[in-house]
Structures are given as C-alpha cells and as structure tokens.
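Residue numbers (my numbering), protein chains in the order written: chain Y, 1 to 469; chain A, 1 to 431.
Hints in this document: simulated from the structure, not taken from any laboratory. From a predicted model like this one, the values you see are computed outputs, not experimental measurements. Please note that the accuracy of each hint is not assured.
[Stated by the list, open to error] To spell it out: a stretch of chain Y is covered by chain A in this simulated footprint if at least three of its residues, at any positions, have a beta carbon under 8 Å from a beta carbon of chain A; those stretches are:
| # | segment |
| --- | --- |
| 1 | 72-83 |
| 2 | 329-338 |
| 3 | 398-404 |
[To be verified] Derived EDC-like pairs: lysine to aspartate or glutamate, alpha-carbon spacing no greater than 16 Å straight-line:
| # | chain 1 | residue 1 | chain 2 | residue 2 |
| --- | --- | --- | --- | --- |
| 4 | Y | K220 | Y | D208 |
| 5 | A | K197 | Y | D93 |
| 6 | A | K197 | Y | D334 |
| 7 | A | K197 | A | D143 |
| 8 | Y | K56 | Y | D93 |
| 9 | Y | K108 | Y | D208 |
Note that CB positions come from ideal geometry on N, CA and C, so glycine has one too.
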Amino acid sequence: MVVGEIARPVDLLVIGGGPGGYTAAARAAELGREVVLVEADRLGGVCLNVGCIPSKALITLADLWERSRAAADRGLPVAEGGVDLAAARTFKDGVVDDLVAGVGTLLKDVEVVQGVARLLDDRRVSVESGDQVSHFQFDACILATGSRPVVIPGLEPDGVRVVDSTGALDLAEVPGDLVVVGGGYIGLELGTAYAKLGSRVTIVEALDAIGGGFDADLVKVVSGRLAALGVEVLTGARAAGMEDGGLRVEHGDDTRVLPADVVLVAVGRVPNVEELQLENAGIVLADGRIPVDGRGHTSSRRIWAIGDLVAGPALAHKAATEGRVAAECIAGLDAAVDAHVPMIAFTDPEMASVGVTEAAAKEAGLAPVVGRARFVVSGRARTLGATDGMVKVVADAAGTVIGVQIVGPEASDLISAAAIVVENALHVADVVGTVHPHPTLGESLHEAATAALRRLERAGAAGGGASRA
Amino acid sequence: MEFRFPDVGEGLAEAEIVRWLVPVGGEVREDQAIVEVETDKSLVEITSPVTGVVASHGAAEGDIIAVGAVLATFTTDGAAGAATPDAAADGPAPDVATDAGAAAPAQAAPPATPPPAPAAAVPGARPKATPSTRGLARTLGVDLTTVTGTGAGGRILDEDVRAAAAGAPSAPTPPAASAPGTPAPSAPAAPTAPLPKVEPPVGEDRRVPLRGVRRAIARNMLQSWTTVPHINSMHEVDLSEIQRLRAQLKERGRDVPMTAFLVRAAALALREFPVLNASVDDDAEELVLRHRVNIGVAVDAPDGLIVPVIDDADVKDVVRIGEELRQLAAQTRDRTVPNERLRGGTFTVNNYGPLGGWFGTSLVKPPEVGILSIGPARDQVVPRDGQIVIRPVAAMVLAADHRVADGREIIGFCVSVRRMLEAPVNLLLEG
Numbered sequence: 001m002v003v004g005e006i007a008r009p010v011d012l013l014v015i016g017g018g019p020g021g022y023t024a025a026a027r028a029a030e031l032g033r034e035v036v037l038v039e040a041d042r043l044g045g046v047c048l049n050v051g052c053i054p055s056k057a058l059i060t061l062a063d064l065w066e067r068s069r070a071a072a073d074r075g076l077p078v079a080e081g082g083v084d085l086a087a088a089r090t091f092k093d094g095v096v097d098d099l100v101a102g103v104g105t106l107l108k109d110v111e112v113v114q115g116v117a118r119l120l121d122d123r124r125v126s127v128e129s130g131d132q133v134s135h136f137q138f139d140a141c142i143l144a145t146g147s148r149p150v151v152i153p154g155l156e157p158d159g160v161r162v163v164d165s166t167g168a169l170d171l172a173e174v175p176g177d178l179v180v181v182g183g184g185y186i187g188l189e190l191g192t193a194y195a196k197l198g199s200r201v202t203i204v205e206a207l208d209a210i211g212g213g214f215d216a217d218l219v220k221v222v223s224g225r226l227a228a229l230g231v232e233v234l235t236g237a238r239a240a241g242m243e244d245g246g247l248r249v250e251h252g253d254d255t256r257v258l259p260a261d262v263v264l265v266a267v268g269r270v271p272n273v274e275e276l277q278l279e280n281a282g283i284v285l286a287d288g289r290i291p292v293d294g295r296g297h298t299s300s301r302r303i304w305a306i307g308d309l310v311a312g313p314a315l316a317h318k319a320a321t322e323g324r325v326a327a328e329c330i331a332g333l334d335a336a337v338d339a340h341v342p343m344i345a346f347t348d349p350e351m352a353s354v355g356v357t358e359a360a361a362k363e364a365g366l367a368p369v370v371g372r373a374r375f376v377v378s379g380r381a382r383t384l385g386a387t388d389g390m391v392k393v394v395a396d397a398a399g400t401v402i403g404v405q406i407v408g409p410e411a412s413d414l415i416s417a418a419a420i421v422v423e424n425a426l427h428v429a430d431v432v433g434t435v436h437p438h439p440t441l442g443e444s445l446h447e448a449a450t451a452a453l454r455r456l457e458r459a460g461a462a463g464g465g466a467s468r469a
Numbered sequence: 001m002e003f004r005f006p007d008v009g010e011g012l013a014e015a016e017i018v019r020w021l022v023p024v025g026g027e028v029r030e031d032q033a034i035v036e037v038e039t040d041k042s043l044v045e046i047t048s049p050v051t052g053v054v055a056s057h058g059a060a061e062g063d064i065i066a067v068g069a070v071l072a073t074f075t076t077d078g079a080a081g082a083a084t085p086d087a088a089a090d091g092p093a094p095d096v097a098t099d100a101g102a103a104a105p106a107q108a109a110p111p112a113t114p115p116p117a118p119a120a121a122v123p124g125a126r127p128k129a130t131p132s133t134r135g136l137a138r139t140l141g142v143d144l145t146t147v148t149g150t151g152a153g154g155r156i157l158d159e160d161v162r163a164a165a166a167g168a169p170s171a172p173t174p175p176a177a178s179a180p181g182t183p184a185p186s187a188p189a190a191p192t193a194p195l196p197k198v199e200p201p202v203g204e205d206r207r208v209p210l211r212g213v214r215r216a217i218a219r220n221m222l223q224s225w226t227t228v229p230h231i232n233s234m235h236e237v238d239l240s241e242i243q244r245l246r247a248q249l250k251e252r253g254r255d256v257p258m259t260a261f262l263v264r265a266a267a268l269a270l271r272e273f274p275v276l277n278a279s280v281d282d283d284a285e286e287l288v289l290r291h292r293v294n295i296g297v298a299v300d301a302p303d304g305l306i307v308p309v310i311d312d313a314d315v316k317d318v319v320r321i322g323e324e325l326r327q328l329a330a331q332t333r334d335r336t337v338p339n340e341r342l343r344g345g346t347f348t349v350n351n352y353g354p355l356g357g358w359f360g361t362s363l364v365k366p367p368e369v370g371i372l373s374i375g376p377a378r379d380q381v382v383p384r385d386g387q388i389v390i391r392p393v394a395a396m397v398l399a400a401d402h403r404v405a406d407g408r409e410i411i412g413f414c415v416s417v418r419r420m421l422e423a424p425v426n427l428l429l430e431g
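Using the sequences and the hints given, assemble the complete structure.
And the structure:
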C-alpha cells in the first residue's frame, strides 16, 4: 500500500506571489500554461504590502510637508501644525489595497492557492493551509518566496521600540528620537522621511560609508542634504544592544548610548528558503542563495528560482524580470536574464544608477570617458527649487554609454531613459542626436552626454558615431 | 565533554549514523536533536545532553557506531562566543550598486558550490548589442562574445549576428565550383539553418550515498534478483463486490482500506497453499513451513519501501486489519514503527494501485517465498453472462520462488484470492 494522497498535476507551480512570482505566473498563463500560484500571505509580496509602495507613500508625504514649509520664498504660505499619520496610513492602505486587487486581476487566468508550500521531491510539493494539506505534481516550478529583514540578536523588532522596515511604516506617531541602524538605501530613505516629519535622526552604519554602494559622487550630495536636515551619521559604528536610555553603540574605542524612542533596524535581507525544504529536491545553497544559470534554472531539472532567492540585489524589478524570463523559458521561448538592473533610492535627493560606475570602469581598466551635468544649471531644476545633484554619463573609450548615474530631483524616473541608452549600447552621439524637450530635468542627461562627446572629440577617439551628432 | 552513544532500547548493540543534524562548530540546546541513527529499520533521533557547541563528531554519516562509543564531544563554555551577525554584515556587494539587503547574514553556512556568475555589470565583458539583437543571437545559437560589431562604437548589429550564424562551422560548406553546365548536386536550395541552441541546466551529477533504508533495500533486492528464480502469475480481478462492501462498511463508520481485504484474502489462501507461507533455508537446503501467517505490507516511506507486518492475519477480521494498517502507515510516515513490527513476516502483499500502472511484477523478499501485488481498479469492458458490462477490474500478480513453488500452487493460490475478492462474503466468514 502507498501512503500519501494523489498529487494534482499542474503545468507550472509558482511559489510566492510577490512581484517575481505574480509576473511569472501571469506571463506563463498568457503563454497558455496551466498555472497554480501558492501564496502564504497576501498577493503582492513585500514590495506591494510592506515595502516599495507603502514606503513611497510615507516618503512622498514627508517630502511634501518639508518642501511646502521651505517654499515661503516662492510664495507658499507656511503650513502649520503637523502631519496626520492616521490619515496618511488610511491613504497608504487604500493604495496598497487597490494595487493588491490589481494583482488579482492580472492573475485572472491563474489559480491562486493560499498556503505554505514545501518541496516533497524534485517534482512534487505539499501545500499546507490551516490543517488542510494538498499535493501538486508539477512539470515546472518557480521558487519566488522572496526575503525578510535580517534580525540583529539583541535588536529583535517588537513593533514599538525596535522596528524593522515594515514596522517603520506603521508607527503610531512621529518619534522624537529615531536611531536608524543601517545606512543602506532603506535606512536612508526612512531616516530622511522621519527627519522631515520632525524626528531627531541618527544613522548608525557599520561600514565606513553610507549609501548602500551607490557611486560616491551621488552619496556625497545625499550626505550634504542629510546634514542640512540635521541628521547625524555615524559610520564605522556598531549597534550593541538596547538600554533604558536608548541604543548602545560602539564607535571605535568609544561606547555611547544614543537616545532613542524608536530604533529602526535596516541592515539587509535574508532569503526565505527554510520552508521550501530545498534539500528534498537536491538543491544546495551557495552563499545563502539558490544557484541558478542565466535563465533562473536551478540544478534541479524542473525547478527555477528568481528574485531575492538568487544572487544579486533584492529588488522588485529584478525579480519581475527574472520571473518573466523563467516563465518564457519554461514555455519554450528563448529568453535570458542578461539585462542591467537599474538601482534607485528615494533619498533626498533621489539616487539612481544603471550600468557601471566611473569607479568600477576604472577598476576594470576601461579608461572611461565621463560627462557630467549639474542640476544647478538646469532651468527646470531651478524652478522646482531642487538644484542639488547631477547626471553622470560613463562611456567606454569607443564612446558607447556603459553607465549612467543620477542624483537629483526625480532621478528615479529619469533613470529609465538612461537605461534604454545603456541597455541598447547606444553611443554618446546617439544621445546627443536625440532631441530632449525644454525645460525638463531630462535635458541634463543630454547635457552630460554632450560633455562626454566633447571629451571624446578632444581625445580624438570619438569613433564613427560622433560625426553623426 | 564526551557524549557516548546511548542504548536506545531494544537490546541494541550498534546503529548506523544516517545524518548529522548539527555540524561541528554548531550550537545546540539541551534536548535538541543532533543526529539521526538507524537501528534495524527504525530511525531514531539522538538529542544533545547539554547546551553548548558540537566540538567533534565521533563517526561519519554511513558509519556504524557501537553503543558506548563516543558519538560526539561538546564544549559548553563557548556558547557566548558564537558568531552573531554584525551590523556590518549588510555591506554592499563590491561590484554592483546594491541594496544593502544583498548580503547574507554572517552566520550563513559556507557555500557548498560556487555561485553562478550573475548577469552583473562587469565592464567590458558585455557584448554591445540591443536586447532584440541578443535575442536573435540566442535563437541562432551565436555566442556574441565572438562577434565583431560593425555599428557605432563596435555595436553588434542584427546583420553581424546573421553573418556569424551563416559562417558558423556547422553550416554546410558549399560544393567545389563545378564546371559550367554540370547539374548542381541535389542539395537543398538553402543551407540548413543551425538549430537553436539549447542551454543545458546548471549543475552537475550528484553522488548520493546509499544509506539506511535505501541500502537495506538495495542489498535485499540484489539478493532476491540473483538468488531467487522468479515465476509470475498474472490475473484480473473484478472488484465490484469489494467496492460495494467497502461502501457499505463506510456507511456504518468503518473505512476499511482495500489493502486490508487483500491481506485478509492472501492470509486465508496461504492456509490452502502452505508452500507459499514459508522460508527457504539456503544453507540447509530446507523449506521452512511457517505455522503463523504474518503478512508484510509494502509501504512507501520517505526513504524507500519498508514492510511492516500484520501478525496472524488469518485470524483477524478485515476491520481489525484495516485499523492496524492505518496505524502502521502513520508510524511509517513518522518513522516510528516499532522494530518488532518490522520482523517475522512470512509473506508480502503490495498494493501499488495509488501509483498507477496495470500489471506490475515484484521481487520476492528473501527468505520468503511469495509476494502478491495488486494494481489500481479501472473500469474495463468485460463479458458477464453473455452481456457486455463495465466493471472495476484490477491486475494482480503473484511472484514466487520457483525453487519451491510450481504452477499448481501459484495459480491455485491466485485463483483462491481472486474468488474471495470477487465474493468477499468468504473473507468475512472464515477464520
């Protein structure tokens, strides 16, 4: 006799309903596959429910508040009182609810199953939902369970005094003293937002620089703005634990206690692999991630992995791209994960990067040609009252644009145009030859490309494309 | 401190280390399971006697360890010095402008295999081509790193990719110029386009040691295949009556599995054909006719088939047998089957119906003489009383050791089982 239930056969089983998982499921259904998506919590994943989207609601509110108070010299009456966090939360929850419902619409041809999925072997999973267990046998499976914040021992989030990035979005009131542990982009974004809302903010970073690896030229602009907002930044400092008065921090030989009503811990994310029981499918982690090839295929013939589970930054758009590629490969199409992943941070001003930085290009011995354009000379930036920052265009010696970095107003939106340039290996002359409308922030990309082209011309190495400008 | 392998009962002398649950250097709490060992066919977890750090393992996975031997050593004072993630652990990866989250926590296990090369922005390593051109290259199986671009700044254009594909060594070489007027050889008009490249999946072959239950099965099956001359007898059984009876029992709150009926029918038929309820003693060249009828039932367990035993199935009713089967199935899943339930079988039955298939042969489990298998019930068109009817029919196969059993016993046994399954009242009355 055989123990166990009959497993239901399915073409594609997607585990996880975040940006990677739902994109993969929707694409595979579009390509005619029968798809079951298993989600343990709520469709949309971290990004939609407790990440990118709700944090942008908070960051935008804080920015509106701070800028409106700083616009008296432009004719705006000074706002009085303070922000209404309860109303802000209602607005944020409404946005999230609408978007989650939108994901449901996107998945109209996908069967969504609520529960926790575990691999039984390399072609079956069990899905546990309450006390119900069901089984599926898949032709292909995409693992997309995402990640969660790292917890520092002694600084476990309690949702009140110690919070992670999720808890930071749901504070009942603006803390008087906020200590942010981690100077990566999440810590900088939320620290800046609360500083604008009135908190005294200290950022504690263990490395000797903040900025989560963004180009130093970009981080310098953000650091200047943090100082102007009264945010203290401690680098090379280690959070050692909570005390009654606040957070104990070791800074060189010095130990001090930073007063803290709330401590926000944002020191990175770990992949959610434990529940999956990868060992049952013979999948072995490398550096804590699931090894995959350039299409997302794991070592197991039927199993794919995407997003935060695999190498690379934990970003929604990276996960979504990998999800689309995996779904297309499973459906028999040619696809590969071979595109640059732009990085953005909603700091003040915003930072954005695509392709390689000047420093990385130099390190690789590429003799890059760099063109810069500062927003202080941009008519549009001046009328916005947001003149901090610049656009950097990095080209190789032949003039092909291999990277663009932006710090400044709307950098997160401007980077998409730059991404098209880099992804399509356009020459700086191609950018210069493209008319950019006036007066816009996008003109600064044109300006930076022009500066790079002039340098190339001066170096006499402009290549065939330059003459077309 | 040293921790010696404890006597886990059952008069155990030794056991096999199946799996270490805590590596050397790993922290343990008191009573946390540290190792799985296998005794006969039950799997036992041994728990730590202390809270501390595992300093060494006394035996490797797959080794046999004797009761009283050092199983592991612990240090109990170093727990506070164990690695804790540092706030610094979230530093960005050096070559990509990364989210702080990219880093794994400090206590992550060391990588067992090198990570694959990510599609990272390694300057200069990227072919200069648009996404659509890269897609064309994938379709045509062209490696872009070998293509010279003719576009601005060395950009690779679609025509560069097509030219590379046409010039690929796999393309047929044109025939040598022939004299004018000579008819061209009857080759296809266009050169054969190269087939799209198929990417092999990442990874490599894995060697999985045969341990525990799997090793026991491997040895038993090899012995069976190489020492027992098998003979098979195949029958089709109409399960209409059994299904009706099961439905009636279910209405009365008794959910009796199909396997219970098969066990019961086999047990009764074995009394008619005692040569099949026997063991072969190879050394003595004797057949041992067993006085009890103990039926082993093959159960699909996580590590492989195991065969718990229903003792004296010829004197138990089907409801009782069904209850025992349920218990054994649950214990098998949890790997808590008591050792005594794994011994003393005199015959084996195997219901592979849930797995599918039709006729399926099995290997006798030495030193037993027979094994009876049944497949899934399927609707089949069958003649009954001159009419064509549809009945649930299952395929049933007896495999037996031909050294001691001949067609007379083997077929006779199967016919007897079939009759009881087709008229199950007999199953209820006997015994």
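Here is what the structure says about each hint:
| no. | hint | verdict |
| --- | --- | --- |
| 1 | 72-83 | violated (count 0) |
| 2 | 329-338 | holds (count 5) |
| 3 | 398-404 | holds (count 5) |
| 4 | K220/Y to D208/Y | holds (13 Å) |
| 5 | K197/A to D93/Y | violated (47 Å) |
| 6 | K197/A to D334/Y | holds (9 Å) |
| 7 | K197/A to D143/A | holds (10 Å) |
| 8 | K56/Y to D93/Y | holds (12 Å) |
| 9 | K108/Y to D208/Y | violated (48 Å) |
Going down the numbered hints, you'll see the structure goes against 1, 5, 9, while the others check out.
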